[in-house]
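Undergrad: Protein chains in written order, with this note's numbering: chain A, 1 to 162; chain B, 1001 to 1162.
Treat the hints as calculated values from the structure; they're not laboratory data.
Be aware that one or more of the hints could be misleading.
[What the hints assert, rightly or not] Each computed DSSO-like pair below joins lysine-lysine, with the alpha-carbon atoms no more than 30 Å apart:
1) A/Lys15 with B/Lys1026
2) B/Lys1026 with A/Lys4
3) B/Lys1075 with A/Lys26
4) A/Lys7 with B/Lys1015
5) A/Lys30 with A/Lys124
6) A/Lys26 with A/Lys75
7) A/Lys26 with B/Lys1004
8) A/Lys75 with B/Lys1056
9) B/Lys1124 with A/Lys15
10) A/Lys56 with B/Lys1052
11) B/Lys1030 with B/Lys1004
12) B/Lys1075 with A/Lys30
13) B/Lys1056 with B/Lys1015
There are 2 protein chains.
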Amino acid sequence: MAEKDLKALFLHQLKDTYYAENAIVKALPKLAAAAQAEELRGAFAVHLEETKNHVKRLDQIFQHLGEQPQGVECKAILGIIAEGDEVAEEFQDGEALDAGLIAAAQAVEHYEITRYGTMLAWAKQLGLPEVEGLLAETLAEEESTDELLSELAEDAINPQAA
Amino acid sequence: MAEKDLKALFLHQLKDTYYAENAIVKALPKLAAAAQAEELRGAFAVHLEETKNHVKRLDQIFQHLGEQPQGVECKAILGIIAEGDEVAEEFQDGEALDAGLIAAAQAVEHYEITRYGTMLAWAKQLGLPEVEGLLAETLAEEESTDELLSELAEDAINPQAA
């Protein structure tokens, strides 16, 4: 019978997040290509490089646990990305397109913030300090991207969209 | 041709969130029924009542905008809820079940936090102070539920799950 303890749950969440990060690596170039404002295209490009690094950190965490890196389908991120695609299509060439793209990207960020926050608490509980350190680095970058997108929206994008 | 400005985007997001809140009203009793710890069942029950109130606030916002309350399918929340169902099934009767349910609920909270945060910024931009007030009330409750779940996990649920 399969284990159903916190370590098994952690591994399940790790695979879900691995799938999600790889899906985001594919989605970000599409968001960048759709964006009208150069500053926003730049922000998406920077975050793409960070996200590739997040995948590498997850690889390291799998190694720490003696497991092969592997994803399990993450319906949440697929739904969040699909909604972003819908907004990009529906508001194409409109004044509010970039505001919609930022909202989509922030929904992605918040999904990652909750998953990394949860895994960080679990790693602490499981006594895995190296894993904790890797998760904390990525969490800090996701939070910082989310804040950057909020500032960009409030200072530049939303006023143009209104 | 359909409007593609910030007001149209706001209305689109409002309908998405209306659908999401109504989906959460249906999902929370299932989470509560699955939870093992009485404290967690209680937290889900309290949040169910809050969520019903969030739906009422959205009704009021539709009224402010002169629109009929209406949802549009929110693939993001459907994906997030489906993942919670998967974890509930996979970890049924296991030590880590409640930790998985909390993670699922926090993913829901973070989805709402990002959507209400975005709509709050847009309402500010659009000069809709009453709408802003209603959104801010709900946002504060979502953030407070998220913090409560983190405390419950770290203080009581995770140690039992490990």
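Undergrad: Work down the list of hints and note, for each, if the structure agrees.
TA: Hints, verified against the model:
Using a Cα cut-off of 30 Å, the hinted pair A/Lys15 and B/Lys1026 holds, with the two alpha carbons roughly 28 Å apart. Of the supplied pair hints, the one linking B/Lys1026 and A/Lys4 holds, its CA atoms being roughly 26 Å apart against a limit of 30 Å. Between B/Lys1075 and A/Lys26 the alpha-carbon distance is near 19 Å, which keeps this suggested pair within the 30 Å criterion. With a CA separation close to 39 Å, the supplied pair A/Lys7 and B/Lys1015 exceeds the 30 Å bound.
This hinted pair does not check out: A/Lys30 and A/Lys124 have alpha carbons roughly 36 Å apart, beyond 30 Å. Using a Cα cut-off of 30 Å, the hinted pair A/Lys26 and A/Lys75 holds, with the two alpha carbons roughly 15 Å apart. The suggested pairing of A/Lys26 with B/Lys1004 holds, with an alpha-carbon distance near 26 Å, which does not exceed 30 Å. Proposed proximity of A/Lys75 and B/Lys1056 is supported: the alpha carbons are some 28 Å apart, at most 30 Å.
Distance hint between B/Lys1124 and A/Lys15 is unfulfilled; the C-alpha atoms sit about 39 Å from each other, more than 30 Å. With a C-alpha separation of about 42 Å, the suggested pairing of A/Lys56 with B/Lys1052 is violated against the 30 Å cut-off. For the hint linking B/Lys1030 to B/Lys1004, the alpha-carbon distance of about 38 Å lies beyond 30 Å, and the restraint is violated. For the suggested pair B/Lys1075 and A/Lys30, the alpha carbons sit about 19 Å apart, so the restraint of at most 30 Å is met.
This hinted pair checks out: B/Lys1056 and B/Lys1015 have alpha carbons roughly 13 Å apart, not beyond 30 Å.
The structure is inconsistent with the numbered hints 4, 5, 9, 10, 11, although it conforms to all the rest.
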